[in-house]
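A.B. asks: Here is how the chains run, residue by residue.
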Amino acid sequence: MSDMKQLYQEVILDHNRKPRNFGTIPGANRHADGHNPLCGDHIKLSVNVQDNKIETIAFEGEGCAICKASASMMTGAVKGKVVQDAEIMVEEFRGMATGTLDPETQANHLGKLKIFAGVKDLPSRVKCAILPWHTLHAALNAEASISTEGEVDPVPGTGIGEE
Amino acid sequence: MSINSSNIGKIRADFPILGLQVSGKPLVYLDNAASSQMPQQVIDRIVRYQKEEHSNIHRAVHYLSELATKEFEAARVKVQHFLNAKESREIIFTRGTTEAINLVMHGYGRAFIGKGDEIVLSAMEHHANIVPWQMLAQEKGAVLRVIPMNDAGELLIEEFEALFNEKTKFLALSHVSNALGTVNPVKQMTAFAHRHGVPVLLDGAQAAPHQPIDVQDLDCDFYAFSGHKLCGPTGIGALYGRAQLLEKMQPFQGGGDMILSVTFEKTTYNVIPSKFEAGTPPIMAAIGLGAAIDYLNGIGIANIDAYVKELLNYATERVSAMPGVRIIGTAKHKAAVLSFEINGVHPHDVGTILNEDGIAIRTGHHCAQPVMQRFHVPATARASFAFYNTKEEIDKLVKGIKKVQEMFS
Ligand SMILES: Cc1ncc(COP(=O)(O)O)c(C=O)c1O
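Quick mapping for you: the protein sequence lines, in order, are chains X and C.
According to numbering that gives the first Met the number 0, numbering within the first sequence proceeds without interruption in unit steps and concludes at 162.
According to numbering that gives the first Met the number 0, numbering within the second sequence proceeds without interruption in unit steps and concludes at 408.
Think of the hints as simulated: they come from the structure by calculation, not from any bench.
As the structure is a prediction and not an experimental result, all values here were calculated from the model.
Careful: at least some of the hints might be erroneous.
With a straight-line Cα cutoff of 30 Å, these simulated DSS-like cross-link-like pairs (lysine-lysine) come out [to be verified]: (1) C:Lys402 to C:Lys24; (2) C:Lys24 to C:Lys395; (3) X:Lys119 to C:Lys395; (4) C:Lys24 to C:Lys398; (5) C:Lys247 to C:Lys139; (6) C:Lys398 to X:Lys4; (7) X:Lys17 to X:Lys4; (8) C:Lys398 to X:Lys17; (9) C:Lys395 to X:Lys4; (10) C:Lys390 to C:Lys402; (11) C:Lys24 to X:Lys113; (12) X:Lys119 to C:Lys390; (13) C:Lys139 to X:Lys119; (14) C:Lys166 to X:Lys4; (15) C:Lys85 to C:Lys247; (16) X:Lys111 to X:Lys80; (17) C:Lys247 to C:Lys186; (18) X:Lys4 to C:Lys402; (19) X:Lys111 to C:Lys247; (20) X:Lys17 to X:Lys111; (21) X:Lys17 to C:Lys85; (22) C:Lys402 to X:Lys17; (23) C:Lys186 to C:Lys139; (24) X:Lys43 to X:Lys78; (25) C:Lys114 to C:Lys85; (26) X:Lys119 to C:Lys398; (27) C:Lys331 to C:Lys398; (28) C:Lys247 to X:Lys4; (29) C:Lys166 to X:Lys113; (30) X:Lys113 to C:Lys85; (31) C:Lys247 to C:Lys331; (32) X:Lys119 to C:Lys401; (33) C:Lys247 to C:Lys69.
Here are the simulated distance ranges between beta carbons [unchecked claim]: (34) X:Val10 to C:Asp213: 55 to 63 Å; (35) C:Glu157 to X:Glu61: 31 to 39 Å; (36) X:Glu103 to C:Gln39: 25 to 33 Å; (37) C:Lys401 to X:Gln8: 16 to 24 Å; (38) X:Lys80 to C:Met321: 41 to 49 Å; (39) X:Lys80 to C:Gly343: 38 to 46 Å; (40) C:Asp150 to X:Glu59: 41 to 49 Å.
We treat Cβ as the ideally placed atom computed from N, Cα and C, and that holds for glycine.
Using the sequences and the hints given, assemble the complete structure.
C.D. replies: Rendered as structure tokens:
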């Protein structure tokens with residue numbers, strides 16, 4: 000299967016069409032905005048953490064199918080998890096998307112999220128997939144907004160905005 | 000000789016990269032506004048320079064230095080004729096359009112624009128023609144005034160004229176918009192600015208590759224373009240500047256070649272154009288640019304202009320007939336650029352899926368974020384044409400767009 004077909008599987012197209020946990024949570028106690036200035040992807044995350052556990056999580060925003068599906072599947076995957084476990088998944092997802100973690104051979108907790116492994120071969124799309132996870136990390140660490148440019152750039156120099 | 004189906008194959012054969020396979024399919028290169036491809040003739044010229052002619056220029060009396068200097072200066076004369084400038088000393092080699100505009104900002108702007116002065120720009124400028132002026136405005140306390148545009152992506156000329164007052168000190172304007180393809184009425188706008196005593200810089204990055212440029216006829220004060228968008232190498236471009244203005248401007252960078260004499264107390268600057276060319280320039284790239292201009296002249300810029308317009312018209316006709324696709328930028332006068340949006344699909348997904356069929360388009364904000372804001376889109380997909388593209392390639396683009404729509408339906 001080509002990189003492109005592997006990435007645009009029906010599951011991803013479905014999450015893009017019908018994103019899960021889409022919206023805001025009234026009374027959420029963690030918020031963060033994630034922005035990818037190069038392509039205009041924008042994710043607003045609201046999270047309710049109780050007793051160190053992610054009780055509810057929702058996202059809003061606009062972006063490409065990869066970004067939206069990644070956000071949608073992420074919210075499903077981390078809901079009910081304790082904060083530390085969610086942070087481990089942030090690290091693992093980042094590793095998988097940038098090619099430092101092979102989800103088939105190395106232990107991980109990514110489960111269905113492995114579907115995003117294909118982005119590592121499409122450098123210009125890595126940021127799209129990672130943005131929701133960076134935003135989650137920021138929300139859990141009480142940073143109000145992040146951007147996938149500059150120091151948190153997962154793959155420097157792959158920006159697609161210049162000409 | 001006009002470009003048509005009987006000689007396009009021969010033209011394409013000049014470009015080795017057009018024979019490439021991408022994702023197992025023949026490359027369909029429709030990202031020419033970002034950077035064009037290089038014909039074998041230019042590649043050969045660059046190789047010959049490095050193999051037989053290279054040395055530093057303007058510095059020594061030996062054979063190679065004199066040869067390199069001669070070829071470098073010959074390239075300047077080619078640029079002069081390409082733009083129909085009066086004199087070759089009005090041509091300054093720069094790294095590209097961006098550096099040319101920054102040079103004018105530093106050399107002219109910092110010397111002659113002050114607190115409360117106004118700089119007029121258009122709503123469709125590339126960041127390269129916004130950010131330097133914003134930096135200057137911040138430094139000097141000057142103000143940027145923006146010419147608005149209509150929904151077709153045409154500048155509103157009455158509103159442009161209404162912006163002018165005694166504080167207006169500069170007009171910086173793109174000849175052709177890279178995001179929308181609009182060809183602006185720059186001659187008329189320049190004449191208006193001059194009636195108010197305001198100098199004019201034209202960003203020709205997207206105009207110079209496709210249409211004959213005559214800076215004397217346009218009567219502009221500055222004209223900037225990039226070599227890599229007209230089949231030349233990266234790292235080289237040029238600024239045309241009216242000699243009287245260049246002479247009274249401050250230097251841009253300091254260093255070797257831009258001086259006549261240096262003591263620790265005082266430096267006397269060189270005459271133009273050297274005053275603006277500090278340090279060793281990209282000699283190979285400048286000679287490559289000269290060769291690219293020769294190549295384009297061999298085909299004929301007017302022939303290129305006519306053929307690329309034909310491609311644009313064909314693409315516009317086909318794409319505008321597709322349901323669920325909106326063309327962004329529908330000005331009456333357009334060149335080479337087709338920006339579009341597919342209903343319900345983000346441009347980056349469009350770009351990735353087209354790439355699967357070997358089709359290279361640009362997706363994103365095209366370094367023109369204010370244009371994206373004006374049209375309320377985060378980004379667009381953009382196909383941009385060159386004289387080596389074909390109608391068959393446009394058919395492939397249309398097929399690719401259909402495939403995207405099917406996947407996302
Ligand atoms: C209209 C316009 N201006 C300026 C530039 C900047 O050119 P360069 O990056 O070659 O300096 C571009 C390139 O995309 C452009 O399209």
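A.B. asks: So, for every hint listed, does it hold in this structure?
C.D. replies: Here is what the structure says about each hint:
Of the pairs offered as hints, the one joining lysine 402 of chain C and lysine 24 of chain C holds, with about 15 Å between alpha carbons and a cut-off of 30 Å not exceeded. Straight-line distance between C-alpha atoms of lysine 24 of chain C and lysine 395 of chain C comes to about 11 Å, which keeps the hinted pair within the 30 Å bound. At most 30 Å may separate the alpha-carbon atoms for a hinted pair to count; lysine 119 of chain X and lysine 395 of chain C meet this at roughly 27 Å. Using a Cα cut-off of 30 Å, the hinted pair lysine 24 of chain C and lysine 398 of chain C holds, with the two alpha carbons roughly 14 Å apart.
Annotation: proposed proximity of lysine 247 of chain C to lysine 139 of chain C holds, straight-line Cα distance about 19 Å (limit 30 Å). Between lysine 398 of chain C and lysine 4 of chain X the CA atoms are separated by roughly 17 Å; this keeps the pair inside 30 Å, and the hint holds. The suggested pairing of lysine 17 of chain X with lysine 4 of chain X holds, with an alpha-carbon distance near 20 Å, which does not exceed 30 Å. Restraint check for lysine 398 of chain C and lysine 17 of chain X: the C-alpha separation of about 26 Å stays at or below 30 Å, so the hint holds.
Of the pairs offered as hints, the one joining lysine 395 of chain C and lysine 4 of chain X holds, with about 19 Å between alpha carbons and a cut-off of 30 Å not exceeded. Restraint check for lysine 390 of chain C and lysine 402 of chain C: the C-alpha separation of about 19 Å stays at or below 30 Å, so the hint holds. Under the criterion of a C-alpha separation no larger than 30 Å, the hint pairing lysine 24 of chain C with lysine 113 of chain X is consistent with the structure, at around 28 Å. Under the criterion of a C-alpha separation no larger than 30 Å, the hint pairing lysine 119 of chain X with lysine 390 of chain C is inconsistent with the structure, at around 34 Å.
A hinted pair counts as satisfied when its Cα atoms are at most 30 Å apart, and lysine 139 of chain C with lysine 119 of chain X does not qualify at roughly 46 Å. The straight-line distance between the Cα atoms of lysine 166 of chain C and lysine 4 of chain X is roughly 57 Å, outside the 30 Å bound, and the hint therefore fails. For the proposed pair lysine 85 of chain C and lysine 247 of chain C, the alpha carbon gap of about 18 Å is at most 30 Å, so the pair holds. Straight-line distance between C-alpha atoms of lysine 111 of chain X and lysine 80 of chain X comes to about 16 Å, which keeps the hinted pair within the 30 Å bound.
For the given pair, lysine 247 of chain C sits about 24 Å from lysine 186 of chain C by alpha-carbon distance, which is consistent with the 30 Å threshold. Between lysine 4 of chain X and lysine 402 of chain C the CA atoms are separated by roughly 12 Å; this keeps the pair inside 30 Å, and the hint holds. With a C-alpha separation of about 66 Å, the suggested pair lysine 111 of chain X and lysine 247 of chain C falls outside the 30 Å cut-off, and the hint is violated. At most 30 Å may separate the alpha-carbon atoms for a hinted pair to count; lysine 17 of chain X and lysine 111 of chain X meet this at roughly 17 Å.
Pair hint lysine 17 of chain X plus lysine 85 of chain C does not hold up; C-alpha atoms about 62 Å apart against a cutoff of 30 Å. Using a Cα cut-off of 30 Å, the hinted pair lysine 402 of chain C and lysine 17 of chain X holds, with the two alpha carbons roughly 21 Å apart. For the proposed pair lysine 186 of chain C and lysine 139 of chain C, the alpha carbon gap of about 29 Å is at most 30 Å, so the pair holds. Between lysine 43 of chain X and lysine 78 of chain X the alpha-carbon distance is near 16 Å, which keeps this suggested pair within the 30 Å criterion.
Between lysine 114 of chain C and lysine 85 of chain C, the direct Cα distance comes to roughly 34 Å. Violation of the 30 Å bound is thereby established for this hinted pair. Restraint check: the Cα-Cα separation between lysine 119 of chain X and lysine 398 of chain C comes to about 27 Å, which is no more than 30 Å; the hinted pair holds. Taken as a hint, the lysine 331 of chain C and lysine 398 of chain C pair is honoured in the structure, with Cα atoms around 26 Å apart against an allowance of 30 Å. Restraint check for lysine 247 of chain C and lysine 4 of chain X: the C-alpha separation of about 59 Å exceeds 30 Å, so the hint is violated.
Simply put, lysine 166 of chain C and lysine 113 of chain X have alpha-carbon atoms about 60 Å apart, too far for the 30 Å limit, and the pair is violated. In summary, the hint linking lysine 113 of chain X to lysine 85 of chain C is not supported, as the alpha carbons are separated by about 63 Å, beyond the 30 Å threshold. The straight-line distance between the Cα atoms of lysine 247 of chain C and lysine 331 of chain C is roughly 39 Å, outside the 30 Å bound, and the hint therefore fails. Our distance criterion of 30 Å between C-alpha atoms is met by lysine 119 of chain X and lysine 401 of chain C, whose separation comes to about 27 Å.
As the CA atoms of lysine 247 of chain C and lysine 69 of chain C are separated by approximately 27 Å, the hinted pair is consistent with the 30 Å bound. Valine 10 of chain X and aspartate 213 of chain C have their C-beta atoms about 57 Å apart, which keeps the hinted 55 to 63 Å range intact. Range check, glutamate 157 of chain C to glutamate 61 of chain X: about 35 Å between beta-carbon atoms, so the 31 to 39 Å window is met. Our hint of 25 to 33 Å for glutamate 103 of chain X and glutamine 39 of chain C is violated, since their Cβ atoms are close to 45 Å apart.
At roughly 20 Å, the beta-carbon separation of lysine 401 of chain C and glutamine 8 of chain X lies within the given 16 to 24 Å, and the hint holds. The given range of 41 to 49 Å is respected by lysine 80 of chain X and methionine 321 of chain C, whose C-beta atoms sit roughly 44 Å from each other. Roughly 32 Å separates the CB atoms of lysine 80 of chain X and glycine 343 of chain C, a value that falls outside the hinted 38 to 46 Å. Our hint of 41 to 49 Å for aspartate 150 of chain C and glutamate 59 of chain X is violated, since their Cβ atoms are close to 28 Å apart.
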